[in-house]
Every structure is written in structure tokens, then in C-alpha cells.
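K.L.:
Below, each chain spelled out in residue letters.
Number of protein chains: 2
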Amino acid sequence: MVNKYKEMLGAKSVIRELSEYAAARGKEIGYGNVFDYSLGNPSTSAPEGFKKAALRILTECDPMQVHGYSPSLGIPSVKEKVAASLKERFGLNYTAEHIFMTSGAAGAIAHAVRLVAEAGDEVLTFAPFFPEYHPYIDLSGACLRVVPADTERFQIHFERFREMLTKKVTAVLINTPNNPSGTVYTKETLQELARIMKEKEEEYGHEIYLISDEPYREIVFAGVEQEYVSKFYENTISCYSFSKSMSIPGERIGYIAVNPACKDAVTMVQMCGQISRGIGHNCPTSLIQLAVAEAVGETSDLSVYETNRNLIYEELVKLGFTCVKPGGTFYIFPKALEEDAKVFCQKAKKYDLILVPGDSFGCPGYFRMAYCIDTEKVKRSLPALRKFVEEEYGIRRENGKWQD
Amino acid sequence: MVNKYKEMLGAKSVIRELSEYAAARGKEIGYGNVFDYSLGNPSTSAPEGFKKAALRILTECDPMQVHGYSPSLGIPSVKEKVAASLKERFGLNYTAEHIFMTSGAAGAIAHAVRLVAEAGDEVLTFAPFFPEYHPYIDLSGACLRVVPADTERFQIHFERFREMLTKKVTAVLINTPNNPSGTVYTKETLQELARIMKEKEEEYGHEIYLISDEPYREIVFAGVEQEYVSKFYENTISCYSFSKSMSIPGERIGYIAVNPACKDAVTMVQMCGQISRGIGHNCPTSLIQLAVAEAVGETSDLSVYETNRNLIYEELVKLGFTCVKPGGTFYIFPKALEEDAKVFCQKAKKYDLILVPGDSFGCPGYFRMAYCIDTEKVKRSLPALRKFVEEEYGIRRENGKWQD
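Sequence order for the protein chains is A and B.
Residues are numbered in this note's numbering as their position in the first sequence, beginning at 1, plus a constant of 110.
Residues are numbered in this note's numbering as their position in the second sequence, beginning at 1, plus a constant of 110.
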């Protein structure tokens, strides 16, 4: 593995590189003039309740209690509040025993994969997918395999899924609302997914767990509903992060919620405490645990993302892009105007538009825009987008319509 | 590994069990009457500077900056402050490039071992040692081997060390000031350790790294000096935690400092960022990073530990215990009054003395007292200790002297 880590240094993240380019370009022309759609860093403040809670805890509570070791599964009162909130919202019979507090969704997935996959086992995910799934899974010893995208709707390509769901697979990793497509899996998609997984569990005689990565659960737009994934399939491990809903990604706080009906649910949570010892996780920060628990259920003002989605989606459609309308998140994933999205995104840089090619999301030919930026900047970016398309791809607007 | 995690659930930590017993007993007779020497949870408040910094950051700084993603190697300004402080105090030429911010010492060791040991490699440590080293190392795929204790002084048993330092060993893990013995390695010990390791590096033709676990670095008593380990050996990875010096173990904050003269020092730090992706570490909490950086160099009032050490050591000696005088930490590690320290500690419970047998520290026949408790309680515990020794081991005081 030592050499593997060294090799990984060479293969820099495309997103990170583009973000660094945007920062460097910003130093030349002012960052306000760089239409930086590269990074998924929330653009709206943390909820007041979170800040108030943190201040109250720091000023009013016994520092020895606040800053002392927290139990390795999480602070019991925090776990209780999380369980109660989930139970109330989604109806599953969660108690504190089903909750394991983690350092964000990354920490949650690191534990979840070690819970259910041995070295050599396969974990399936669906393109387009968050590129960090590769290190999350592959460095645990298991192997991530990617089911090709349903590019029509960015739901699930069930035919390919059935083929790839072999006996080696012990877990399926999904992400809805989805990064990078913004798609929300429909009820029908989740039902069919569960049906196939149950069928294969019986056929193979071993559990196939559903790891549901849900950091965007709270960012869903009008007219769309995100069903609670765990309701559809008992052997589900939900991985949540407060990073996006409370705009606190740097505070590294989330949790695992094991479906109460999952096989050995309570033992699974306890095993997370053992996994922690091996990876040096040892519980998220106690101050932040306590603060999010007080503010549980609150979110940042997330409406800006829907405003941005509307502006960008409408413009893209006008410009003739093929694009699935995002139902949530702060991402959109249109088809590029030429086959190689890397070339497309490279050309966009000339117009100070920072777009991320879809290749690393397992979906070549598409590109991602992370529209967690100020609406004012989104508005200013649209003429640049128009100019880019016009000049590079010869598409012109005539009589109110775009023509080749 | 899944079964391994399940097995581990059965093998509960002795320290944790004793601590739970103490809490339960506390509910019966009042916790103030339980002389709970089981846990190493600091008993003195966090420094004012830490609290002030956290409050200032929460109230005055841009929340998007504070709570946003921090770079995976740590916030640059924080790394700079840590490097500058280390350079000033210890003279090594650290810069931000040599620092990797971690979730406490557990996070630091998790990265350090993966940096330098492949699956199957051996890591040596010295008894008595912190029992969590076993999961830290063994669950990474490497194998921890324990060099038997030098029970005379709790320095290093160099003869056994030389024998065990085979070609398979890629790292040596030390902890000074030491948990559980409280011993501070002398300059001579560190020189001899470095000499042997360099000799073997040349003989074997591969690096042997020194991982120096230093959470107690700041807790050193009058007349004793803790030399800075990294000064003695270039291939040193220092693992630090603010848990004990600032009494904030729940806030999970520490760092790795790679000796600037270590082979590939800067690359090693960058590789830590890759290791992080695999274990879901992804940087410690940004608020806490920023707060410790503002308070760097400050400590809690640590004098209570020396006061407690004096009281307990003097009493133990009076009672006839064989005991190496601790030079730091908040632990003491005397020889039990019968061969089986587990039986000894079991008997102590009758007197509401919670002592931890040395077996899990790799040193049977000894026991640990964690004296990070109020001095007032330490004083009240001494008559109980006296009574325990008198009644159970027939040692009586006559004419001011203890007699068999």
C-alpha cells in the first residue's frame, strides 16, 4: 500500500486541479470574475441554531464534560436526538443503539464498507458517481465496480446492474440526491433496486447490504420528493453528513443509522466502535456533536440552490444542451457539446467558466457544474456560457431561437 | 476482518470495564467515594486561550470560511503555527510542509503506521505500553510485537530489542513520557535506541522509522527533562495530541510532524492525505484546528498532576511497594503485592480502589493508577490504600515503620 499511496500523489484529483486553477486565475482577474463551478463547498451560512448552540455550550457548560472523551460510539444524548429525529421524520423505529456518530459521510462510509465487505469482496455503485468512492472502497481492501449510467434519466440501468450483481458483491452503494447528476431516485427505482437485491440475497444465501450515502437528503427542490431509502430495504446502512444541510463541511460531522430491522443491527453499530480503533477515527469532535444535536432538524437557507438550478437549467436548455433536470443537490450534469468532455471543459476555461468533465464520475461526454455559488455570480456567468457555446460551437441565436 | 471486529466485541477493554464498574459503584455509594484510578481523562480545565479563541472564531469570523472544507493536509495557517512553535522550542527546521493535522494521536498513529508499514511488516514497541497500540497497528495489516519491559527502570531492554529488531521490522513505536509507567526516556536511552536503529538500517538496507507517540510531552515534573525525540533520529514521525496538554481529548485534535531530515519528508506528509481518503479521516474539525492554533504553546494548569504524583508515590513507598518514580504523565505503575496483579486489583475493589492490572500493558504483576483526579480525592484515597494493604497483605505500621 505504501507505493499505492505514493502513486496516488501523481494522479491528482481533476476537481481539485480545476479548483486550484480557478483560484490562480482569480488572483489574475479577481475571483469574482471566475465562474468557478468546480467545488461542492456550500455557499450559504450555517443555521443560527448551530452557532448559538456552540456558543452556549462553550460559555455555559462544564468544560471537562464538553471537552472530555466521548464514548466511542458517540455521545449518548446526541445519538438519542438523532434517532428521535429520524424516527419522527421517516417512521423507522430508530433508537440511540442504531446510531454511530462519524466524522462526516467519509467517516461513515469508511466504517460501513468495513462492516460489510471483506478484502476481495465487490461493492457496486452506479455511474455517475462521486469519484472519492474509489479510494473510500478500494483502499479498504474491497473493490468498487461501477454499473454504467442510465444516461436517459440518471436513474438505474437495471439490466447492467443484474449482470454485475454477482455472488462476489456484498454491498451496493447509492447516492440520492446524486452527486454529480442532481437526480433524485424515484420510488419505483428504489423499489426495483430492493426487489433485485432481495432476490439475489436469497439466490446467493448471503446478505447484500445497501449503503445509502445521503449528504444531500435535505436539498430537494419543489415538486420532487426524496423517499427515505432505508424504508425500502431492511439491510440498509444510511450514511449521513451535516456538511451540506448545515453548511459545515469542515466540521466533519455525520452519522451511520443502521435500519432497526437490519440483520444484527445493534451489533453492527457496536462493531463500528471496533473498526474505529483500527482506523484512528475514535469519534467526531464532542463540541460539534453537541452543537448539531441541539440544532438537529435545522438547515441552512437552502433555497439559493433551487434559484441557481432554475437559472442554469433554463439557460442550458435554451442553448440546446441535453440535460436531465436536477431534483436536488447543487449539481447539474449536462451532456457536453462534443464527444470529449475534457476538451469541452478545456475550451470553457477561455471564458473563465470552470466546468468539470464527467470522466472521473464514470460518465464520459458529460460535465458537472457545482452551482453552490452566489446567485449574482450565476447570473453574470450566463452571458459567458452563451458566448462560449456561440463561439466554440457555432450555435447562434436568431429570432429568439438558437440555430446551428 | 468482519469476524475479527465481531470477536473484538467479546474481548472488552479491561480499563473500560473497570471504569464502568467505578461508575456503577458510584451510583451506589456516591462517585466521590469511589477512588477511581482507571481512566486517563484529564482532570484540569482547558486553557482560557483555547476557549477564548473558539468563541472569537465563532462570533467574529466568516462562518463560510470557518466551517468550510479545510485542505486535506490541514489548514495552512494552522500548520504554519504548529511548525513555528516546534521549530522555536526544539530547534528542528520544521515548516508547514512537515505537518499533517490529525484527529488526535489515534489519527496520527493510524496514518504513521500506514506510511511506513506494509501488511505483514512488524512494528516493535516496548512494554509497558498503551494497549490500544494493538488495534492501531494490527488492524492496519501490520503486526505489533512487544519488547519485554526493563522492569528496573522502565527504560528500554536493549538486549531483547536487538534480538527482536529483525529485517521484518519497518517501524519502532515509542511513548515517552510513558503511559502507563510515567517514565521519561533519558537522553542515554534515546541515543542508544537511535544508534541501534541506524546500525540495523544499514545492515538491512531499508529504513526503520521511529514513530514517537508524544501526547504527554508537556506533562513533565520538576527535575526531569523530556528530550525531543526527533532530535536523536532523522527518520522520526512525531505523533502529537493536544488532548492531555490542553485537556480536550473529546475534541480530537493533534498532528504528525515529520522530521525535516527524514527520507522524503515532504512526500510523506502528502501521502498522509492519500491515506486519509482510504480511512475516512479527511482532516480534523476546522473550528478546533483554528482554536488550538491560536492557543498553541498554552497548556492547562498541569501542576495538579505533580502534586498527585508526590502524594501517591510517597505513600506507596511508605507502604513498601516497589515503584519507579514517574517523571511525567498522570500515571504510576507499581509492582503488585502478589504475583497476579489481576487478583490484587480485584481485592482492591473491596476498598473502592479502582486499579488497573498491568497485564494488558504487557507487564503482568504490575498495576496502573491514573491520578488525573482531584487532589482532595487522592488524599482521601490514601487511608483506603493503607487499609487495603494492611488487611489483605498483613503489613502493619509499628513505631512509624511498616512491618510484615
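Errors might be hidden in some of the hints.
To spell it out: a stretch of chain B is covered by chain A in this simulated footprint if at least three of its residues, at any positions, have a beta carbon under 8 Å from a beta carbon of chain A; those stretches are [unchecked claim]:
id : stretch
1  : 178 to 191
2  : 205 to 217
3  : 240 to 246
4  : 291 to 302
5  : 359 to 366
6  : 390 to 397
In silico EDC-like pairs for lysine to aspartate or glutamate, Cα to Cα no more than 16 Å straight-line [claimed, not checked]:
id : chain 1 : residue 1 : chain 2 : residue 2
7  : A       : K116      : B       : D462
8  : B       : K487      : B       : E416
9  : A       : K161      : B       : E170
10 : B       : K487      : B       : E425
11 : A       : K197      : A       : E302
12 : B       : K162      : A       : E207
13 : A       : K116      : B       : E425
14 : B       : K114      : A       : E228
15 : B       : K161      : A       : D374
16 : B       : K116      : A       : D374
17 : A       : K162      : B       : D172
18 : B       : K373      : B       : E317
19 : A       : K161      : B       : D172
20 : B       : K162      : A       : D172
21 : B       : K116      : A       : E228
22 : B       : K161      : A       : E228
23 : A       : K122      : A       : E138
24 : A       : K114      : B       : E170
25 : A       : K162      : B       : E170
Stretches of chain A that chain B covers, calculated by requiring three or more beta carbons in the stretch to come under 8 Å of a beta carbon on chain B [claimed, not checked]:
id : stretch
26 : 148 to 156
27 : 161 to 167
28 : 171 to 177
29 : 239 to 251
I should point out that these hints are in silico values taken from the structure, not numbers from a laboratory.
Keep in mind it's a predicted model, so treat the numbers as computed, not measured.
Where is the CB? At the ideal position from N, CA and C, for every residue including glycine.
K.L.:
Each hint needs a verdict: does it hold in this structure or not?
P.N.:
A quick look at each hint next to the structure:
no., hint, result
1, 178 to 191, "holds (count 3)"
2, 205 to 217, "holds (count 5)"
3, 240 to 246, "holds (count 3)"
4, 291 to 302, "violated (count 0)"
5, 359 to 366, "holds (count 5)"
6, 390 to 397, "holds (count 8)"
7, A/K116 to B/D462, "violated (53 Å)"
8, B/K487 to B/E416, "holds (15 Å)"
9, A/K161 to B/E170, "holds (12 Å)"
10, B/K487 to B/E425, "holds (14 Å)"
11, A/K197 to A/E302, "violated (24 Å)"
12, B/K162 to A/E207, "violated (35 Å)"
13, A/K116 to B/E425, "violated (54 Å)"
14, B/K114 to A/E228, "holds (11 Å)"
15, B/K161 to A/D374, "violated (41 Å)"
16, B/K116 to A/D374, "holds (11 Å)"
17, A/K162 to B/D172, "holds (15 Å)"
18, B/K373 to B/E317, "holds (9 Å)"
19, A/K161 to B/D172, "holds (12 Å)"
20, B/K162 to A/D172, "holds (15 Å)"
21, B/K116 to A/E228, "holds (13 Å)"
22, B/K161 to A/E228, "violated (43 Å)"
23, A/K122 to A/E138, "violated (23 Å)"
24, A/K114 to B/E170, "violated (42 Å)"
25, A/K162 to B/E170, "holds (13 Å)"
26, 148 to 156, "holds (count 6)"
27, 161 to 167, "holds (count 3)"
28, 171 to 177, "holds (count 4)"
29, 239 to 251, "holds (count 7)"
Against the hints set out earlier in the document, violations occur for numbers 4, 7, 11, 12, 13, 15, 22, 23 and 24.
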